[in-house]
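Asks: Sequence:
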Amino acid sequence: MSTLILGALALVAGASQADARSADEPRRSWVISADAVYTAAGEAIEGGHVVVTDGKIAAVAPGAGGGDDDAEDALRVVAVTPGLVDLGAWMSSGEDSLEHSTETPANLRVADSLDLYTLSWDRALRDGVTAVLAATPDEAVIGGLAALVKTGGDHDVDSRIVAPDCVLRGAIGSRPSRWNRTAGWGTPNHFVRRPTTRMGVEWVWRKAFYDALSAERAPERDFEGADEIRMALRGDVPLMIGAATTQDIRTAVFLAREFSVPKLILQNAAEAWKELEMVVASGAAVVLPPFTWNGRIDVDNAFHAWNTAAVLVERGVDVALSGDGSSSRERSLAMQPAYAMRGGLSFDDALAAVTINPARMVGADGRIGSIEPGKDADLVLWNGTPFEPTSRVVGVLLNGELVVDLR
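Numbering (this note's numbering), first residue to last: 1 to 407.
Some hints here could point you the wrong way.
[What the hints assert, rightly or not] Pairwise CB distance ranges (calculated):
1) Gly63 - Phe223: 57 to 65 Å
2) Gly63 - Glu388: 54 to 62 Å
3) Ala44 - Trp293: 28 to 36 Å
4) Asp54 - Arg178: 47 to 55 Å
5) Ser214 - Glu46: 55 to 63 Å
6) Arg257 - Arg407: 49 to 57 Å
7) Asn307 - Gly384: 19 to 27 Å
8) Arg257 - Glu314: 34 to 42 Å
9) Glu388 - Met199: 34 to 42 Å
10) Val280 - Gly235: 16 to 24 Å
11) Asp54 - Gly235: 32 to 40 Å
12) Ala41 - Glu72: 27 to 35 Å
13) Arg234 - Glu72: 44 to 52 Å
[To be verified] Result set (SDA-like, lysine to any residue): computed pairs, CA atoms no more than 25 Å apart in a straight line:
14) Lys207 - Phe259
15) Lys375 - Arg27
16) Lys263 - Gly153
17) Lys56 - Glu25
18) Lys274 - Glu258
19) Lys274 - Arg331
20) Lys263 - Glu224
21) Lys375 - Pro389
22) Lys263 - Gly200
23) Lys263 - Ser328
24) Lys207 - Arg221
25) Lys375 - Arg126
26) Lys263 - Arg331
27) Lys263 - Thr118
28) Lys375 - Gly42
29) Lys207 - Arg109
30) Lys274 - Arg198
31) Lys207 - Gln247
32) Lys274 - Pro219
33) Lys375 - Thr390
34) Lys375 - Ser101
35) Lys56 - Arg367
36) Lys375 - Arg331
37) Lys375 - Pro26
38) Lys263 - Pro137
39) Lys375 - Gln247
40) Lys274 - Asp298
These aren't lab readings, by the way, just hints derived from the structure by calculation.
Backbone N, C-alpha and C define an ideal beta-carbon position, used for all residues, glycine too.
Using the sequences and the accompanying hints, generate a full structural model.
Replies: Put into structure tokens, the structure is as follows:
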């Protein structure tokens with residue numbers, strides 16, 4: 001491997017670039033030269049390079065990097081961005097990840113039920129998504145603790161978790177109550193229970209919060225999941241509530257205000273543009289669903305306008321885009337910034353909405369979300385300007401390993 005002479009960056013290179021790999025180990029050290037390096041941490045670097053050493057970003061600077069383009073550790077591409085982060089990918093085991101005996105299993109850990117062998121992980125990687133939030137579906141009022149997980153690596157959950165139990169996830173709307181029914185309808189089973197309406201969903205939320213706070217004062221009334229609920233009420237973890245329509249967004253914001261929840265994330269909040277002043281005043285972060293051809297999303301038929309992201313960002317709201325874990329290219333996370341830019345969002349804000357913003361929302365921005373020295377080398381290689389209709393992902397590095405190479 002050729003020695004790198006990087007001027008002021010010489011201290012970063014040197015001995016650490018020595019290739020001590022065995023024949024079976026993947027290469028995890030590279031010099032990536034690109035016409036543009038979009039760091040998501042400041043201005044783009046035109047004609048720059050990224051040095052990756054042992055799976056970590058060692059240096060980012062202008063210039064070609066001083067290496068040989070033909071060297072085996074050299075990668076030459078048009079553009080490089082951080083790996084994309086999706087907080088709405090639904091990488092759970094679906095209904096199998098739910099606790100059906102209760103509507104409020106706040107202590108359930110989604111990471112314990114992940115299936116790492118499904119094709120969804122490879123599909124996400126090929127779209128440039130290197131980390132996703134594994135969360136329960138909306139069929140529970142309080143679904144449990146979600147985790148941010150790398151989309152590739154060993155088939156061992158613990159080794160792939162970036163942020164364990166990083167949000168308490170629940171939902172407001174029609175979905176948490178749609179399976180439940182009152183007594184007298186069909187064969188009695190555990191779905192004969194509340195809530196059966198939107199009003200009932202709100203009641204379950206408030207009861208769970210009041211019960212958890214009451215148990216703190218009277219330990220004999222404590223219950224499983226109370227500690228996790230109190231964590232969210234204190235702000236130790238963000239409270240993420242799926243709320244798509246205007247009425248559900250209002251309910252979520254009022255609930256957070258009533259209990260002084262410090263960190264609120266509105267997930268799937270398609271109609272946040274209708275409640276702009278309330279969302280801004282709440283200080284909530286917003287995760288938007290994928291755009292659709294007619295604006296109507298799958299959840300409660302909520303309407304997602306083209307300029308939703310631009311309007312929210314203009315008012316200072318922390319916004320992330322999501323791809324819903326869809327198998328279609330049109331709804332993939334890599335396409336969402338292009339749609340948001342069509343609605344008026346700037347390129348820099350669109351890039352942030354799929355990289356550093358979602359990472360920051362769940363407390364993982366110290367490891368991923370931007371191209372900065374010391375962070376994980378999760379990088380996306382492009383054959384053109386990112387998010388342009390003619391541009392494609394041609395390579396993905398995960399922890400420094402070139403796991404996708406379509407050049």
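Asks: So, for every hint listed, does it hold in this structure?
Replies: Verification of the hints:
no.	hint	verdict
1	Gly63 - Phe223: 57 to 65 Å	holds (60 Å)
2	Gly63 - Glu388: 54 to 62 Å	violated (25 Å)
3	Ala44 - Trp293: 28 to 36 Å	holds (31 Å)
4	Asp54 - Arg178: 47 to 55 Å	holds (49 Å)
5	Ser214 - Glu46: 55 to 63 Å	holds (59 Å)
6	Arg257 - Arg407: 49 to 57 Å	holds (51 Å)
7	Asn307 - Gly384: 19 to 27 Å	holds (25 Å)
8	Arg257 - Glu314: 34 to 42 Å	violated (23 Å)
9	Glu388 - Met199: 34 to 42 Å	violated (46 Å)
10	Val280 - Gly235: 16 to 24 Å	holds (19 Å)
11	Asp54 - Gly235: 32 to 40 Å	holds (35 Å)
12	Ala41 - Glu72: 27 to 35 Å	holds (29 Å)
13	Arg234 - Glu72: 44 to 52 Å	holds (51 Å)
14	Lys207 - Phe259	holds (12 Å)
15	Lys375 - Arg27	holds (17 Å)
16	Lys263 - Gly153	violated (31 Å)
17	Lys56 - Glu25	holds (16 Å)
18	Lys274 - Glu258	holds (21 Å)
19	Lys274 - Arg331	holds (23 Å)
20	Lys263 - Glu224	holds (22 Å)
21	Lys375 - Pro389	violated (29 Å)
22	Lys263 - Gly200	holds (24 Å)
23	Lys263 - Ser328	violated (32 Å)
24	Lys207 - Arg221	holds (13 Å)
25	Lys375 - Arg126	holds (21 Å)
26	Lys263 - Arg331	violated (28 Å)
27	Lys263 - Thr118	violated (32 Å)
28	Lys375 - Gly42	holds (15 Å)
29	Lys207 - Arg109	holds (21 Å)
30	Lys274 - Arg198	holds (19 Å)
31	Lys207 - Gln247	holds (20 Å)
32	Lys274 - Pro219	violated (42 Å)
33	Lys375 - Thr390	violated (29 Å)
34	Lys375 - Ser101	violated (41 Å)
35	Lys56 - Arg367	holds (10 Å)
36	Lys375 - Arg331	violated (28 Å)
37	Lys375 - Pro26	holds (19 Å)
38	Lys263 - Pro137	holds (21 Å)
39	Lys375 - Gln247	violated (40 Å)
40	Lys274 - Asp298	holds (18 Å)
Of the hints listed earlier, those the structure fails to meet are numbers 2, 8, 9, 16, 21, 23, 26, 27, 32, 33, 34, 36, 39, in rising order.
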